[in-house]
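K.L.:
Build out the structure end to end from the sequences listed, making use of the hints.
Chains as they are written, first to last, in this note's numbering: chain B, 84 to 739; chain E, 84 to 739.
Worth double-checking, as some hints may not be accurate.
Cross-link-like lysine to aspartate or glutamate pairs, in silico, EDC-like; alpha carbons within 16 Å at most [to be verified]:
| # | chain 1 | residue 1 | chain 2 | residue 2 |
| --- | --- | --- | --- | --- |
| 1 | E | Lys739 | B | Asp709 |
| 2 | B | Lys660 | E | Asp415 |
| 3 | B | Lys660 | E | Asp417 |
| 4 | E | Lys660 | B | Asp417 |
Note that these hints are calculated values from the structure, not bench results.
Since the model is a prediction, treat every value here as computed from it, not as a measurement.
2 protein chains.
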Amino acid sequence: MNPAIYSEFIKPKDIAINDQFWGAFMERVRTKVIPYQWKALNDKVPGAEPSYCIRNFKLAAELTHPDLYYGVPRDIGFGGMVFQDSDLAKWIEAAAYSLAWHPDGELEKTLDETIDIICNAQQDDGYLDTYYIIKGLEKRFTNLKDNHELYCLGHYIEAATAYYEVAGKRKLLDAMIRYVDCVDKNIGAEEGKLHGYPGHEIAEMALVRLYAVTNDEKHLKLAKYFIDQRGQPPLFFEEETRRNGNTFYWKDSYVQYQYYQAGKPVREQHIAEGHAVRAVYLYSGMADVARLTGDDSLLAVCGDLWNDIVHRQMYITGSIGQSAYGEAFSYDYDLPNDTAYAETCAAIGLAFFARRMASIMPKGEYADVIERTLFNGIISGMALDGESFFYVNPLEALPQASLKDRRMRHVKIERQKWFGCACCPPNLARIIASLGSYVHSANGGSVYTHLYVGSEARLAPGGRELKIKIETKYPWEGQVDISFALEGKAAFSYGLRIPSWCKSFSLKLNGDNAAYSMQDGYALLNREWQDGDRITLTFDMPVNLVETNPHVRDNSGRIAVTRGPIVYCLEEKDNGKELFRLHAGRPEDFTVTYGKDLPEGLCTISFTGKREKDWQDGALYRNLADAAYEDKKLILIPYYAWANRGAGEMTVWIHK
Amino acid sequence: MNPAIYSEFIKPKDIAINDQFWGAFMERVRTKVIPYQWKALNDKVPGAEPSYCIRNFKLAAELTHPDLYYGVPRDIGFGGMVFQDSDLAKWIEAAAYSLAWHPDGELEKTLDETIDIICNAQQDDGYLDTYYIIKGLEKRFTNLKDNHELYCLGHYIEAATAYYEVAGKRKLLDAMIRYVDCVDKNIGAEEGKLHGYPGHEIAEMALVRLYAVTNDEKHLKLAKYFIDQRGQPPLFFEEETRRNGNTFYWKDSYVQYQYYQAGKPVREQHIAEGHAVRAVYLYSGMADVARLTGDDSLLAVCGDLWNDIVHRQMYITGSIGQSAYGEAFSYDYDLPNDTAYAETCAAIGLAFFARRMASIMPKGEYADVIERTLFNGIISGMALDGESFFYVNPLEALPQASLKDRRMRHVKIERQKWFGCACCPPNLARIIASLGSYVHSANGGSVYTHLYVGSEARLAPGGRELKIKIETKYPWEGQVDISFALEGKAAFSYGLRIPSWCKSFSLKLNGDNAAYSMQDGYALLNREWQDGDRITLTFDMPVNLVETNPHVRDNSGRIAVTRGPIVYCLEEKDNGKELFRLHAGRPEDFTVTYGKDLPEGLCTISFTGKREKDWQDGALYRNLADAAYEDKKLILIPYYAWANRGAGEMTVWIHK
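P.N.:
In structure tokens form, the structure reads like this:
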């Protein structure tokens with residue numbers, strides 16, 4: 084490891100997004116998703132399953148402070164999932180980021196009042212999980228494997244640090260520091276403590292983020308303990324399960340404790356296994372701890388896990404977690420399109436992991452994956468109107484199969500308003516609202532631009548303020564104009580990511596061809612910069628036909644259509660039923676159209692392919708005959724925009 | 084309907100099989116399967132899950148006759164599945180057929196002793212189901228939907244009639260007539276009776292078979308009642324479910340009461356739905372009752388259901404029931420290969436249905452399906468050594484997926500010794516042992532040969548004895564020699580089925596080209612026959628590449644290899660891993676080899692295809708490049724013989 088090349092990503096408050104593409108998403112999150120989720124958290128969405136989330140906090144506060152009364156009957160009990168608290172944390176985090184680019188006094192007031200309620204539920208020793216506060220504190224920390232206390236803690240740390248960074252307010256942060264102290268007193272290496280760790284990871288990376296704010300070694304140490312202790316024999320979860328009466332859902336499954344990535348020490352884990360969201364949250368924390376502790380052995384497994392995911396278990400959309408059973412990874416090169424689980428949260432988690440790896444080593448493949456997930460498997464989780472959501476993001480949709488085939492019953496053909504287990508919508512809100520923090524990173528001697536997002540950012544490479552302005556119509560057009568504002572001159576290396584999809588580009592500096600060197604996917608300009616320097620990076624953005632490694636059974640003989648970072652798909656609406664009868668052939672002429680008959684100025688691609696003709700006799704089988712095709716205009720729309728015009732078939736992969 | 088063309092299939096006792104192919108299977112059933120299953124029924128297979136089947140009967144007999152003691156503790160309780168009785172019935176039926184072609188005094192003695200035990204368990208009013216005799220008779224007939232009394236009854240009728248037809252012994256037959264009387268007193272249209280019907284069908288066709296022996300209209304009437312009453316509103320099963328506390332497993336499923344084919348009257352059922360074995364058993368009974376009652380409305384739905392199965396829901400192997408969920412049909416043109424359920428028993432049931440349709444109308448498509456199922460999806464259920472069995476018969480096997488993919492956990496890569504729910508092995512035994520009864524059918528003026536099986540048969544068209552001898556090496560070779568023996572001369576039409584796979588054949592009569600007319604898939608010779616007439620039918624038997632109707636998503640872009648009635652497959656053993664990387668191309672030269680390095684003189688087919696080369700860089704996706712293939716000799720073996728040489732991949736469908 085080389086700490087000299089570590090770079091820090093920019094914080095949301097230091098970048099103002101002003102982007103045709105992402106601006107629309109962020110605005111949708113701000114004006115639709117965050118208000119809608121606020122209503123949902125307060126059980127005020129007519130017809131939707133109640134969340135009970137705010138009610139739980141109010142009740143917990145009432146039970147903690149007998150003088151308080153929020154109007155919640157004290158005997159009403161806990162509502163929702165055991166991890167219901169986390170939904171509010173995600174909402175707070177998203178709302179905080181939203182404030183960073185769009186101040187909103189009303190929303191900030193709501194946040195402060197909500198944080199007051201949360202803090203009123205906190206116990207004297209710092210403990211703060213409404214499930215146990217309401218149902219009985221004597222049971223707390225007795226089921227780390229399944230009951231998500233440390234998961235909720237992790238999300239609250241994320242929320243608290245985000246709000247602190249944006250608004251400078253410490254109340255929730257201080258509450259979380261106290262809660263971490265409480266956990267630290269109960270869990271750890273020392274005798275008398277539980278030698279446990281989270282059943283659903285996230286606390287690891289959250290504690291690192293807390294450490295970045297507090298600089299308190301205790302916070303890094305606890306993150307490191309959770310990672311180092313995980314899967315050490317004798318298995319903590321096995322002992323805990325025994326104490327809890329041996330109810331172990333995954334006992335007869337091939338995943339067993341690897342469902343939690345807890346069947347063996349993390350340094351012996353080289354293949355991504357188990358619940359996909361948990362996995363990438365863990366790997367994100369591992370990368371963080373590896374970076375901060377200079378732990379080469381931990382970084383090495385992060386690299387192995389990264390390679391396993393990205394080269395053997397990732398959909399072209401950046402989605403991961405192939406299997407509905409356990410919402411989990413399955414095995415290398417297994418990438419079923421129709422039964423894909425491909426949870427929105429898992430793609431989000433992969434972006435987290437990628438950003439952390441990019442922070443350690445500026446290699447284009449990390450930001451390539453961030454881009455792939457963001458433009459495809461993440462935002463597919465949200466309708467274009469911001470009002471409904473996918474948990475599962477298949478790469479092939481068959482309405483009849485979703486109705487009649489048990490293997491596909493998890494695959495919804497239309498996005499849902501809300502979920503009983505509502506992890507994905509608020510997770511979407513927080514990553515989109517914090518999108519700016521993926522754009523640039525910097526260290527003393529270098530600045531990197533990873534994503535091309537219209538924005539104005541403030542960085543400080545080597546302590547000197549640098550403003551970077553990006554103007555672009557990316558991903559629909561390939562030109563990116565970048566300009567610098569700085570006082571005086573400054574020498575530093577500036578790296579511009581050249582996406583792996585791009586085979587040809589031009590790079591101009593102040594109107595002339597720029598001298599650059601390519602390194603690990605970045606075009607590096609190493610020079611003395613001055614105010615007003617202008618860079619124009621222009622990517623050729625042809626339509627590409629993409630094929631999959633022949634180890635992948637499900638995509639054999641098929642291509643996908645991409646342009647720039649966007650993966651396209653066929654929908655029934657444009658192409659009729661039985662999309663599997665369509666063949667791309669080897670088209671050379673593509674028509675790229677902007678926004679015709681589609682919402683949001685979406686770019687569509689069309690070309691002449693073929694369709695297998697009906698057989699005349701209705702037979703099911705026949706001796707192979709010369710293929711009977713008819714020419715057929717294929718019309719593709721961006722994958723993320725599917726299922727916005729009613730229910731129907733969809734496919735990403737098309738027969739050659 | 085035209086009763087003049089109805090024909091009766093020959094009975095097992097009237098045909099002696101002497102066939103290279105089927106003789107080996109029958110011998111295996113006789114010497115391996117029947118003795119092994121006898122041990123299993125008696126809980127004497129070391130390491131196998133006990134059946135408890137014989138023990139249940141002994142216990143029921145002891146409870147019925149306090150003076151009897153078979154050594155079974157009286158407080159030990161019922162063992163096995165609720166339908167455990169049926170396993171013994173299937174065994175008796177298979178053993179009876181076995182006696183027909185291979186007399187065996189020891190086996191017959193065992194049968195008689197077993198029948199004594201069974202009859203000792205019978206109640207005074209004829210009732211005979213060990214589950215309720217042991218667990219409490221007050222509950223009998225209270226759960227027709229799930230508790231399989233009428234299913235077991237059906238199997239016992241089949242066993243009793245088979246044994247009566249073969250050995251002329253009435254004891255079990257008489258017992259079953261008494262049991263039917265008991266059922267008839269309790270279930271039927273009359274007031275005070277339950278207006279119910281079987282949850283798992285088979286009694287319908289069994290009662291028709293009983294009627295053929297007894298000529299007692301009551302037996303046909305009860306079969307007809309079960310069929311006519313099925314699914315009539317108000318739904319009997321719905322009311323029964325309510326009485327039993329509303330536990331209905333399929334309530335939230337799309338199948339609901341159609342799991343049992345009992346959600347609507349049978350004459351409103353035009354699509355094959357629900358549990359596949361139940362479905363085809365019902366349809367078999369419907370065809371039987373339609374034939375005997377001349378019911379055109381019933382025959383019309385049989386035709387619809389037949390067409391739906393054969394033209395829209397049948398695997399090329401003749402297997403049916405695509406979905407593990409409910410062991411059921413899924414929907415038209417859904418034919419997944421890897422997750423196929425394709426239960427052995429369902430293919431057997433389809434052969435039952437086909438034989439009954441062929442009995443009504445001699446159309447080649449019926450016997451084509453009998454042949455397709457028998458040579459492929461039925462016998463694939465048994466290992467070549469007769470010692471292990473498949474319940475599920477996938478068309479693509481992936482060992483890693485069966486281990487790690489929940490969608491495929493029902494797909495076993497190696498045949499199993501025995502099953503807790505052991506329906507398939509004894510069902511296999513009974514159909515193979517009764518194979519002769521599928522070969523010919525006859526009525527007054529016509530004889531049809533449906534299957535080409537080396538045999539000597541005795542028929543009586545128009546009351547005059549006719550002996551037909553078939554000599555052939557079918558299915559490996561296309562020549563079939565047929566000779567007639569009869570006293571004097573007889574005029575009748577003789578129909579020889581020309582299989583749909585056959586595009587060219589020659590037909591000689593006594594050495595000269597025969598004059599024949601083609602009708603519905605049969606070559607008809609209408610003449611006056613005499614003793615010693617010889618027919619030589621020679622099918623051209625090239626290797627065929629077969630493709631699937633473009634409505635079928637899963638076979639798009641793929642071919643299967645067949646020769647004669649045999650469907651071939653690729654196995655890992657011969658072709659290496661990742662069979663999905665192989666492409667057939669458009670080969671014209673095939674090598675057909677007999678028995679090299681394979682058990683049983685199996686015929687193999689090989690040809691030069693292609694294999695996708697590895698990518699050098701290990702990337703998961705890339706821009707479409709020119710396909711890099713290497714020539715690869717593909718070696719195929721008969722599908723039914725897969726998984727006889729260790730675990731590995733298998734596929735029927737190969738990329739074009």
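K.L.:
Does each hint hold? Answer for all of them.
P.N.:
Going down the list of hints, with the structure as the test:
no.: 1; hint: E/Lys739 with B/Asp709; result: holds (12 Å)
no.: 2; hint: B/Lys660 with E/Asp415; result: holds (14 Å)
no.: 3; hint: B/Lys660 with E/Asp417; result: holds (14 Å)
no.: 4; hint: E/Lys660 with B/Asp417; result: holds (14 Å)
Checked against the numbered hints above, the structure breaks none of them.
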